[in-house]
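Top to bottom, those sequences are chains A and B.
Residue numbers for the first sequence follow this note's numbering, so the first one is 1 and each next one is one higher.
Residue numbers for the second sequence follow this note's numbering, so the first one is 1 and each next one is one higher.
Heads up, none of these hints are tricks.
Among the chain B residues that face chain A by a calculated CB cut under 7 Å, a handful are:
1) Pro93
2) Arg94
3) Leu97
4) Tyr105
5) Ala109
6) Val110
7) Val111
8) Leu113
9) Met114
10) Arg118
11) Leu122
12) Gly123
13) Glu125
No lab work stands behind these hints, which were simulated from the structure alone.
Virtual Cβ for every residue (Gly too), placed ideally from N, Cα, C.
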Amino acid sequence: MTTATLADERIARTSTLAKLLKRPEIGALVAAIAIFAFFAATTDVFATPSGASTWLRGASTIGIMSVAVALLMIGGEFDLSAGAMTGFTGLVVGVLTTEYGLNIWAAIVVSLVLALSIGAINGILVMKTGLPSFIVTLGTFFVLQGIDLAGTKALIGQVAIQGMSNVPYYDQAKNLFGSTVTINGGLVYASVFWWIGVTLLATWVLLRTKTGNWIFSVGGAQLSARQIGVPVFKTKVGLFMTTAGAGWLVGMLLLFTTSTVQSNTGVGQEFIYIICAVVGGCLMTGGYGSAIGAALGALIYGMVNQGIVYSGWDNNWLKAFLGVMLLAAVLLNEWVRKRAETAK
Amino acid sequence: MSTKTEAKSPVTNVVELPPVGTAIIEVKDIGKRYGNIIALSDVTTSVRAGEVTCVLGDNGAGKSTFIKVLAGAHEHSDGELLIDGESQHLSSPRGALELGIATVYQDLAVVSLMPVWRNFFLGSELTKGVGPFRRLDVDAMKSITKSELAAMGIDLRDVEQPIGTLSGGERQCVAIARAVYFGARVLILDEPTAALGVKQSGVVLKYIAKARDRGLGVVFITHNPHHAYPVGDRFMLLRRGKSMGDFPKAEMTLEELTSMMAGGTELESIAHELEKTMGADSEVAKTMKAEVT
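Isolated chain B (complex conformation) (with noise of 0.2 Å):
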């Protein structure tokens, strides 16, 4: 086994990525009615290659909404969506995915009862054989997705583990790690970091900075500003439905941002709320303060 590891270093099947900088997605005014309920309206922005957009909104602000869009899993209703400039409608996962744009959902599209290898690989499985003895080639799929790991940083036992086996940050990895190995030009992260812990968030903030890296167009979406800003380049706000800006980092600060994204005023009153019914020195009232200010 660890010969056969060793001979391979990581296949990739990176597909050629324009320069960094480059709009792979432009969205324009775009919006998405469910029969009379608008549930997203107006949204620009774009993602760039080698450049992390991030999409901030608290619960209900059209996150889900809006990623679908990108995704393939509904089609947009209003404005214009422009893959590498030509104007395209995405009506299923499979065609956003020929375009190179992958999607890692929360709940991570993993099958948890499934080793992980096969997980890996699923909806794009390696074949060899001709006719009706084509199979799958199970050898280069486990040492494929051995090396791939490896290279994300993730050192596992045994690929044969059925994926439900690994803590949520390692899952989070391999969904990202089969992603980018599976050419994917645009990366939708959709709240990759909602359900981990602190040093977990960490490790996955740095695989989206490794994507980007690579020169992937990375699309995450959050609703912790603290999350989003370090790795971010441009940032688009969204609430109730509706977008409140497209910024790049430049004209941004965290404090901006955090304040923007919680409603600047609205925050500001909830805090002085809690200090009155908590008193000053409660330790909720005190960090809710420390953030609006």
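Isolated chain A, as found in the complex (with noise of 0.2 Å):
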């Protein structure tokens, strides 16, 4: 066996840095360390328990979210339904349990069950009129958007729920999904925690599952992926219905947080979603990214979002940041991918 010998001595050149560079969530990490430093050393509250408490709940709703669009990007789509899902899946328990008087989790089982089907009904639809999925989740996001708008006015007549926490057995989902403890003096909520567990639960099925390497397949090559026996119909409406799930993970969170859900909520972040997914070093193209990377994405998103309220910046500068930090990922993750498909 002198070429596995030869081989090894081969394999040896590349350094652990090397390795680390390769690493598709890498670009992320830097960012997000740089961040976090330019805002504890610039203002006084970034960095104390409270001041973090904040800025881990923004970024874990968001997260979330990043993560399952991080999924279905590697996997070759899009899903712009997503930040209305988040939404629409919060307005149906808040419907069917303040003004239907229907047990609280049956509603939220209600909810989990619609969010899937539409779910569902995305990946169908791309997979079975080969329609790009920007055009037909474009065309979800809308009928969301319409429904959480005017359905929530006809039903309950007013675009916002309330009396939430005087439904009964309300405390009992709280806790599953809008609670806090109390770490080191700061809040840490129930959010930051399903994030976490989404994280590592979808950085596991990515790279040490069957499904993880299907995900890569269909979204690097789908006619390759088909022909060599990979299911890319289950494996593309499983997506979809794992970002629509996700975004009824975070209509609850959002629900039994605040107790309350507007009409208009999760409207306008799907765009976020992919810009964090995209941060975290997924490829517009499909076939390579990270959750990891897409939850550092989000935190990224969180960090600055807050850090600029504590600087007493215009928040509004937020926007401009996102801007940047898209396009500064596009062109490094262009660079990566040249670099993977051709260098030795």
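Hey, can you piece these two chains together into the complex? The hints should help.
Structure (structure tokens):
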């Protein structure tokens, strides 16, 4: 086996650092550390437990969605209805319990089933028609937005859910989705733990399961994946359902943290998720990316969002910052992809 | 790493193959229509264990349609497809795979951004653990990939590198090695030498011979009779969606094959024309004439 020994000698040349630099999430990690250091140094509250509590909470719900959207993007698709879904699922629970007196757990399950069905419809439409998911989910997005506004108004006569905390067993659900624990003097919201859990689960699935292999392959080369026997249809529909399911989870987290939900909740956030996923190393063209990267992208978003407030700047600067981040990330990702595809 | 590779000699899944010469696939008057377009009609041939069946034809002759039928990508609309003597309608690539028919497409069905080992096991991943902890057996897959490729004579630095970084010939061989490892009894190769240089083509032809010697039935699709003749045992020629016959090697010389493929007289007239327009000394005309006569 001289060949194997030789091969090993050649591998040894790649250092640990070089290997690390090849990871898709490395750019987001460096950026996250830099941004944390910047705001920690320039503002007083940013690095305190109570300060961190606020930006972690902001990052958490965006993070859960970004991780799901990252999986979908690795699988080669987009979901523009993901933002409106977070409002829709919360509204379903709110309307069913406050207006129709349905048991809260039953309402939560109904909401989940509806979300998964819409996700499945997204997926089936994309796969059966061959249309770009961008267009199909843009349609679903507008439908959901319309239902959120008009449907809610028609059913309960207003555009926000009220009296949620008076619903029987509200506390049970709040324990699961909206409670807090105090760590080191700072409040940590349940959503933060959900975020960490979702990120770890997604990373495990991506890197260590068959499903993960299939997600990379359907995004990287759908035709090849089909030819080799990967269940492309199931994988893609499953991904759309995962995004919708994440939308449901975030809907519940928002509803039970704030005990209310507005008709326009989540609208406009769909692009934030995509930006976070791209900042985390996802390629717009699919087949490459990372769940941890997307979570880091959301962390950057949360930190900047709150850091700007602590610094006393006009918070509209956030948008400009996001734009710059996105462009920088796309350029970096493109460079990484070219290297991965051609470099020996 | 090296100790592991040494410990495990090339592991293969090779299924029990029928004795050499047994027909695994028999195609009888098969045809395929897409609506009112007849893409293929009246094709008859057989694929036998330990033999190479070459399917020859020019562009648009119906080669692609023919493999799609064998590979399960499209169902045939006329005629009969017998696999191990039983009439079958293949409705999905997975169905064909289960019957031991593996196809290596022109685009090789590899995902260029994914590591070599993930590509090797794509769709048939090895797992360990139970229930929710069932996970990919990464170490086993890496070492099998490495040893299987070594057995085919490909020495990779690192199976972790994206497959897009390999050369065309290497990728082709990974795809062939993969099909062989996963218990293919019949290997369908769609123009494996089309995009390759002379040397690389030679390497691929060697692997075709290797697969044949392992007892597999090979379907070798090509438009180059010079590639087909050295490894082929049986030649089926397609032209405009129709079979021009199915010949064992004994009934055919390379010259006959070449002229038949190009449509004999047609080629002669092109050679003649070239001579007129480009002059008898022109390189192209000379080669053309040499090929025809």
